[in-house]
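*Asks:* Residue strings, one per chain:
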Amino acid sequence: MSEVLTLGFITSVLAAAVASGAALLYAALGETLAERSGVLNLGVEGMMLMGALAGFMTCTWSGSAWIGILGAIVAGSAMALIHAVLTVSFQANQVVSGLALTLFGQGLSAYLGTSYVGKAPPDAFTKIAIPVLSDIPRLGTILFRQDALVYLGYVTVPVIWWFVYRTRPGLKLRAVGENPATADAMGIDVARMRYVYVVIGGAFAGIGGAVISLATNPGWSENMTAGRGWIAVALVIFGMWNPARVAAGALLFGAVEAAQFRLQGVNVPVSSFFLNMLPYVFTIVVLVFATQQSRAQRLGSPAALGKPYVREER
Amino acid sequence: MASASTPAPASRVPGRRWKLERVQHPTVLAQAVVTVASVLLGLVLGGVIMIAAGENPIEVYKAMYTGAFSGEYNLSETLVKMIPLLLTGLGVSIAFRMQLWNIGAEGQFYFGAIFATGVAIFWLPNAGPWVVIPAMMVAGMVGGALWAAIPGALRGYLGVNETITTLMMNYIAILVAEYLVHGPWRDPMGYGFPGTESFSDATYLPTWGTTRVHLGLVFGLIAAVVLAIVFRRTRWGYEIGVTGASERVAKYAGMRTARNIVLVLAFSGALAGLAGMAEVAGINHSLQRGLSPGYGYTAIIVAWLGRLNPFGIVIVSFLLAGLLVGGDQLQITLGLPSAIAPMLQGVILFCLLAGDFFTRYRIARVKPVVPAAPAAEVAA
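Residue numbers (this note's numbering), protein chains in the order written: chain A, 256 to 569; chain B, 5 to 384.
None of these hints come from the bench; they were simulated from the model. Any given hint might turn out to be false.
Claimed, not checked - Mimicking BS3-like on lysine-lysine, the simulated pairs with C-alpha atoms at most 27 angstroms apart in a straight line are: (1) A:LYS562 / B:LYS23; (2) A:LYS427 / A:LYS562; (3) B:LYS255 / A:LYS562.
These numbers were taken from a predicted model, which means no experiment stands behind them.
Here chain A stands alone, though its shape is the one from the complex (with noise of 0.2 angstroms):
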């Protein structure tokens, strides 16, 4: 046990965390720009699939990692856009159609990927130290020896938050999102902007998927992406819809990821079946005291959250 309360053992876990954090801050940011505009997305787990699945193949194809990423981003808006016509257009139940689109997901994905189980993508994204800053006792270990995909979640989550908060597209995000029949008195088009947003929500799971099958863990297989993608819903609730909170909480459970594969590696007395149920322990645990706290802080979800919007029945 002496051996994982090194400073050593400590860095490393961190550092596995903000690799394997970044999956599921892609996914849960995309989520969180659905979810402001008023649509719950279950799918997420199907997107995200359908993105790891998409940007190997396009990788495979194109022999670029950058390209792959171009794949997913398509294959993630398309699962995407089926999403927002059955909820905006056909306004379906929002929380029927996400799960069906996570079952099409992990069915499409497991048949058009059969082929490519087991097969090495020929690029990938590999750790990319930054001069000076990766110097840093420690810190420069854990956020600077990272791969790309990282470091532009670095600069998304800031950017997410600025476009969310302060510009007039964001604040009509919002207010799309709490109250359409006013954003509609506004002019604004509240089923286009819906459309836009979950479509968006779908390229950021699509990039999630392809962080795991082109930087974390290279390569193809079944249900590869394991749950993250209803990690990442439940991030979103845990970070209250606020970009910021919503990076924290994905970093988070890339440290109880890491952990789990560092403690298995150093013989932890506990068997590993009971370290691969930590993620999903913590989910629940967590989601309780996100619940707690965001009643007690009156700061719910977007109030219009999973209604279909009908002019005329306001």
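Given the coordinates of chain A, assemble chain B onto it according to the supplied hints.
*Replies:* What follows is chain B alone, placed relative to chain A:
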């Protein structure tokens, strides 16, 4: 999704002669027609995906149909898979009626199987069938109910989103089962193969002739009848409906919503647990890895396609079982991945969700001058 361009009712174009009108109570006939049309459209769209992937969909569907429904053996295997789908589908439908999104039937199924296995191997290893089978049934239902009551209590008393917690409980339940069959419950004579020892013969559920169709089918059919009565004839069934329609109304009416939430999820889980029990007692006769190929998830589609109606669920569970068995046959006859079946399930559900729009709205002609229109809106 060819009809994606259908305009939302919100975007009424001035001068248009047709408009969409809200239908207050969709008829059963309209729902049935839309369901059948959605399934057919889903198969067509699924075929388009197969063409894109380089397959001949007609050949695929023919192979699936033969594999699922032709000949006594294939048909009986479809009935075998129908049992867990029927029970779990009925289970989630109870929760869905209350707008509780229990997507944890998979974990509840596993916990039912774990509890039933405990009874069969450790508690009553030598009992006769009239003792051990009812004991396993009760244990299976208790196991599933407890596993669902945890997210139920969190939702009812603390307001924690049940969709995510029930799903997380699936992963945990499967890992608990894996731990047991790899560790303390592993068969000492099993040559290191993960799985418990076989149950005694007394636990075997009676089967129909030489097929593997077992008594679980009767459990499912009885459960469907009981649920139909509960939903239509009892006060509790009525409370579920009211709470589903509006939790606030239910509270004002003095219903104990928190308690009902826990109870509904527990009952929902009990049926999934019974499905798990029936699977180990009727088919596997031991607890093994990979007990369920995702029955608990297919259950969601079963419940929704069956319109949350117990008898609808009986029909749909049979058809979707056929889809699963047909999908497995594809691997054998055409060498195609069986994942085609869940992909098709997803597409069919999409079509149904879109199709439901047409049961809720009808296209009506807009009369040239309608001065009395506001009155209609007030009525709505």
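*Asks:* Work down the list of hints and note, for each, if the structure agrees.
*Replies:* Verification of the supplied hints:
| no. | hint | result |
| --- | --- | --- |
| 1 | A:LYS562 / B:LYS23 | holds (22 angstroms) |
| 2 | A:LYS427 / A:LYS562 | holds (17 angstroms) |
| 3 | B:LYS255 / A:LYS562 | holds (21 angstroms) |
The earlier numbered hints are all upheld by this structure, with none contradicted.
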